[in-house]
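If you're matching them up, the sequences are chains U and E in order. Take the first sequence: its position 262, counting from 1, is numbered 512 in the numbering used here, and each next residue is one higher. Take the second sequence: its position 74, counting from 1, is numbered 107 in the numbering used here, and each next residue is one higher.
What the hints contain is simulated information worked out from the structure, not anything from laboratory work. Remember, it's a predicted structure, so these values are computed and weren't measured experimentally. Note that CB positions come from ideal geometry on N, CA and C, so glycine has one too. Some hints could be false.
Examples of chain E residues lying across from chain U (beta carbon under 7 Å, computed) [to be verified]:
1) A617
2) S645
3) R783
4) V940
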Amino acid sequence: MPTRGSHEGLEHAAGPSAEHGPDGSAAGYRWSATLGLGVEIRRQLTRRRTQLTLGFLVVLPFLLVAAFELGSDSSHGRAPGLVDLATSGAANFTLFTVFAATGFLLVVVFALFAGDTVASEASWSSLRYLLAAPVPRGRLLRQKLVVALGFSLFGLVLLPAVAYLAGGLFFGWAPARTPLGGTMPNGQALVRLLIIVGYLALALLFVSALAFLLGVWTDAPLGAVGGAVLLVIVSNILDAVTALGDWRTVLPTHYSYAWTDALAPAISWDQMARGVLLSATYTTVLLALAWWHFLRKDVVS
Amino acid sequence: MVRRRTALIGTGALAAVVAVTGTAVAVSRSGPAVHEQMLRVPVGAEPSGAAVSLDATLYTPDSRTPAPAVLLAHGFGGSKYELDSDARDLARRGYVVLTYTARGFGVSGGDIHLDAPGYEIADARRMVDLLADRPEVLKDGQGDPRVGVAGGSYGGALTLLLAATDPRVDAIAPQITWNDLRQALFPQFAVAGAAGPPASPAALTPADGPGVFKRMWAGVFFSPSGSPAVAGLSGSVGPTGSAATVSGTPVPAVDRSGGVTGSAARGSGETGPAIDRSGNSTASGATGSGLGATGPASCGRFAPDVCAAYQQVATTGRPTPQILDLLWQSSPARLIDRIHAPTLLAQGEADSLFPLSEGDANARGIAANGTPVKVVWEGGGHDGGLDETDRLRSLTLAWFDHYLKRDGTPVDTRFEVTVPSAALSAQDTRPAAVVRAAPGEPGVSSPGPVPTTTLPLTGRPQVISAPAGGSPAAVTSLPGVGAQLSALSRSGAGLGLSAMPGQVATFQTASLGTGLGVVGSSRVTLHVAASAPDATLFVQLYDVAADGSAVLPMALVSPVHLDGLTPAGRDVTVTLPAVVRDVAAGHRLRLAVSTTDQAYALPADPRTYRISLADDPALTVPLVATTTLAGGGLSDLLPWALGLLGLVLAVGAGAAVAGRRRQRADAPEPELAEFPLVIRGLGKAYGDGFRAVSDLSLTVRPGWVLGLLGPNGAGKTTTLRMAMGLIRPSEGEIRVFGHRVTPGAAVLSRVGSFVEGPGFLPHVSGLENLRLFWAATGRPAGQAHLEEALEVAGLGEDVHRRVKTYSQGMRQRLAIAQAMLGLPDLLLLDEPTNGLDPPQIREMRDVLARYAATGRTVVVSSHLLAEVEQTCSHVVVMHGGRLVAQGPVAELVGAATSLVVDVDDPVRAADVAGKLPGARQVEITGTGLVLQLVGTPRSQLVRALVEAGLQVDRVAPRHGLEEAFLALVGQEG
């Protein structure tokens, strides 16, 4: 193992280039080319964290399949829920998987990708070198957020996609049955699933924004992700307090499950529209705060 | 269940109109206190002449009197105690509330006359008189209190009949009650004449002649009230000790006794006992007085005429003129055109006793008088169903606030329906109900007719038989548990008894292309021929899913009794049960005609019927356009959406403006373009007040290797961070090649940096780290000079290992290599030799010298003097955040030549040396002197010391820069 470097190469190095941009930049430097999405994806995709998370989303449907194969049905005498219909076919299995994942798993996935992306760079000290490269701060946030959201969305699509395949393999390809008693041909069920995934993507956006803000604020990735998940749990708990009345409708998780409206014969958009608007409002405010803070922040990590 | 603290019943105060028997003040947990007064109210005597007084309670609010009054009436089998929580709630909201136990129940005296005008209704008017005498009650005139009346079921009919006979009543809220008790107990769903458009969604104009005796419900309704146990089962325990008769825990429905009147009555007074009764009817039959027995003793607390009439019907299954007249006397239908009090009318969808058609008839009749009517079809009813107590309570309160308090609150007159299984519960995704509303009920509170659609039916003629004795009979519903039964059959665990083989004719629609929101009664015309002159049939409409599973909504059936049939048969138009249901696309509707239903009296003789579709075989389905109430619609969201859009635009605009302002302030200074680094008046105070750098100015020229020297905490790192744009200066500025350094300034692309340790992705290799870093700059790979950088790092094959496996020194060298990527014009290195071993340090020194030799500039910070002295061409000494000296290293070293002199007597030596010209700063140390000698040769100093007889051990120059540094720092300190 060599223990020292060498400066032979520097012997032949040319002098400083005289070519500079009007902004004083080195030749070939454009701020709009810094931290390209491909680069950021490479940075994130090589991480164990990313691989494990996405891997878990692939494994989860099979775990559920195993659980259903082991367990026995005990829902007699009650109106069926999605869980009771889960084994009736690919579409129903997918719906149940999404339902089971909505409350916590997807929240964690969204919080993880968005909360960890800046905070982990800070904890590795690599953030300061990116900023000095220089990647303009707003650009860094934008690229990181876009990639984090991209991974989140990929996870959100991956889970139902794998669930659909797993459900089809183990439970067949029967048309979807809804707890309301209707059935949907697979084509229609897939359209509804797309609507559900689309809604969830928008409704969970605030989780990303919250985690992102915390990740910009702190240098501890765990603090950002955990903090965001914690706040979502708090929101869920408050939402369970019916005494709060209409105040609950401003809780960001109040409309988490509004996508179940997409399973009615005629989709009711009222709740989903509120969920999307609420999430978008929170997202706007939280992201504005994240930008505002990061653009002014003294990076000392 | 509300268990009252015992209050003594006064006995000697009957001389007064009202006897005050006990007063209790209950302080509510929240809101103002409520005063409670137990009353004994004398009312009209029984036909036998026996005096009757009623058990009543007056609740008065703490303040705000005189206030409007509300009279609450309980359900059948109940008492005033089930109304307690409603009464308190209303009193807390500023109403004087009077509750009382009706004649024949609880500890009130008298017999049950079934809301007869001469008894129960007269009693209620007596209660209004009482309110008129109370000073706490707001009056509209002499003897005319401002009063609203609310009640459910038995109390609901009382409410309607009172409003029809007492003009002092100002608003009413009857719930789940009957319109025509004859139709309720002898339902006839065959429609007179041909089927026209329905007047209202649940309109039913029965054909002449009574229908089919509702045997099971009537049994529940009539028989148990006479038995002693009923008072206990009514859900409230009176103060007289009837608690002793309550055995075991109360039925769950009793807990719902809090509902504003209607649900209370239903819950405790009727549904509760009904469930209980159906479970042990034999037991109570044995202990109580059996139906077959005659004489007043067997009638319990029923008035003898009511009792006798019922027993006759129960025996034959067909009505007598006496009972029909008796039931008519107790029917709001008789006086409906006299009701002018604004009416909030709630009817239950899960109600086989008083179905929606009863409420619809009441609403239509009252609205025809020009009286304001709001109709609510709620998800509950006598069969159970949903518990919407809270919603009904707030609707009632809003109604009274508007019409009694007249406080200007707008009143909602929309027609509300509860659609069961219209959405999925967010908790468990099981079907959940949704409340929807239409501007008004067509034909009632908004103009008719009801919009309908017709669905063609198919099915060949079918012959069905009615078994002798009516057994076996289909089981569609059990009183009080009909809805639960329906839920069972949907889940596939049903009894399968709603259609007995050979007893049912079925006809189906085609699979629906689009979903239907059914609100109300469908209609169909059938052709019926019979082997007997009369026919008893039960018509049902199933919702059949694509997989064949069928649901009978709310387990409701339409009993039809036909007379005067001939073997040729005739067309009969039948109104199907009014339901609220979303029928999904792909489903079918199935019409089933059954010959039996065990809840009804059935013909004893066997017969056969031939059922076929009429010439126009179609089902007319009512569709009322409704919107989800809780959903709130989408139009409300427009302001929100626009506001959000505005917010987004404002945030974007704010960011753009701020960005442009920054750009303008950062105009380059071309005259400084040749200077790699110019710092002017730089200062940095952190948020916590700590000043890291103050008033620092320096200029660095190309080709320099500038040493930034200072002890730890001198502000070197902070300065470098500011030069990298990581930290904003508090004052002053940093310019690199004339461009001001701001976070992310483009000119930083000409700066390579290493500050406070390396920063790499631990999970990728050293090489990949350098590649990723260069890729992040967005510059062409060809400019990276990766080879040279790798050479500087000197990691060999280790560049392919993950960085997390590297030693500190390896990371350090990799970080310096990263700083050199692209051979930046200015290299900022913070303590680059930390963690390197001596050979590496030496190599690093060469690297930096070579680097500067290319015409580039290096700024190195260090706290090691030797390093700066050996590496740098220029030095800046910092201490406490300030610049204390700067200049070429040689100059700084030369300017401060000190001598260390070791002698045996330092004190005397200092004296001698101090007299020499050019001697300065003479200091005595432990072993000798330290002094500066300017302009005087050292030999002269030695000679002077020796001549003074001192022993000189050593004379040596002290390390130059260290001396200067300590001297400078010492001055500062």
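A quick look at each hint next to the structure:
no. : hint : result
1   : A617 : holds, 3 Å
2   : S645 : violated, 29 Å
3   : R783 : holds, 5 Å
4   : V940 : violated, 50 Å
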